[in-house]
Amino acid sequence: MIELGELREGINNDDVIAFYQSVFNLPHIEVVGIGSNLGCMFGVEPTYNKLMQLSLTKELISTTFNKNLKLISGGTSITLPLIEDDLVPKDINHFRIGEAAFLGICPLEGQQFKGLHKDTFEFYANIIELIEKNVVPGGITTDSNNGQAINNDDDRTTLKSYKAILDFGLLDVDRDDLEAEDDFLFVGATSDMVVIDVGNNKTEANKTKYRVGDKIKFKLNYIAVARLLNSKFIHKVYV
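At the far end of the sequence shown sits residue 850, using this note's numbering, and the numbering has no gaps.
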């Protein structure tokens, strides 16, 4: 991997020759190509100039060591729009596609690729407790919490609403990576549980909206999908 400014993995340009001199001298090692990573950590945008740097690095290695590098990996899903705009150097012949294939979008601006679906993953959480409780916590609160920030002068101390506990937590996925289809308020999250506020728990027809055992549906972004698929505590169903 070659460093192009994202500051994740990659060999600095000044070290390329020395690095590959060592690698090519290793027994039983075949270098089939080089690549770069852009956009994953700091969001450095892939451009024609960035990919041209990668292409020139390939030429430098090939010429210096008389090696044929078959694969030049130009990045991930974030690089795909450059193909549509014909801004990819001809030597770039490989991409590491994840988000575009599974979620149908480009992570750069979130736009949907034509012909691909965005709703390929759904996450359902079970309501394991549903009780009417105070809106504001009782007692002295500290900074060591994962709930909503509470103002000590909060004038809602006498109000109540229904709190539902869901059977997942921060060990499984971050709530910021989820989008709920229903209208409710995230109250807080702990390692293994999430609490939501469902108000008076009534529909417009004044019927009970949620009950214990009901499922809450969420849409997922790429990070949520990756974390949930890797969690041994989440049941997966493929349809």
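Among the hints, erroneous ones may be present.
Keeping only pairs whose Cα atoms sit at most 25 Å apart, straight-line, the calculated DSS-like set for lysine-lysine is [claimed, not checked]:
#1 K828 <-> K774
#2 K729 <-> K771
#3 K813 <-> K771
#4 K818 <-> K729
#5 K818 <-> K771
#6 K843 <-> K818
By construction, these hints were calculated from the structure, which means they are not laboratory data.
Hints versus structure:
1. K828 <-> K774: holds, 17 Å
2. K729 <-> K771: Since the Cα atoms of K729 and K771 sit roughly 37 Å apart, the hinted pair is violated (cutoff 25 Å).
3. K813 <-> K771: At roughly 14 Å apart (the allowed maximum being 25 Å), K771 and K813 satisfy the hint.
4. K818 <-> K729: violated, 33 Å
5. K818 <-> K771: Status holds; Cα separation ~18 Å.
6. K843 <-> K818: At roughly 36 Å apart (the allowed maximum being 25 Å), K818 and K843 break the hint.
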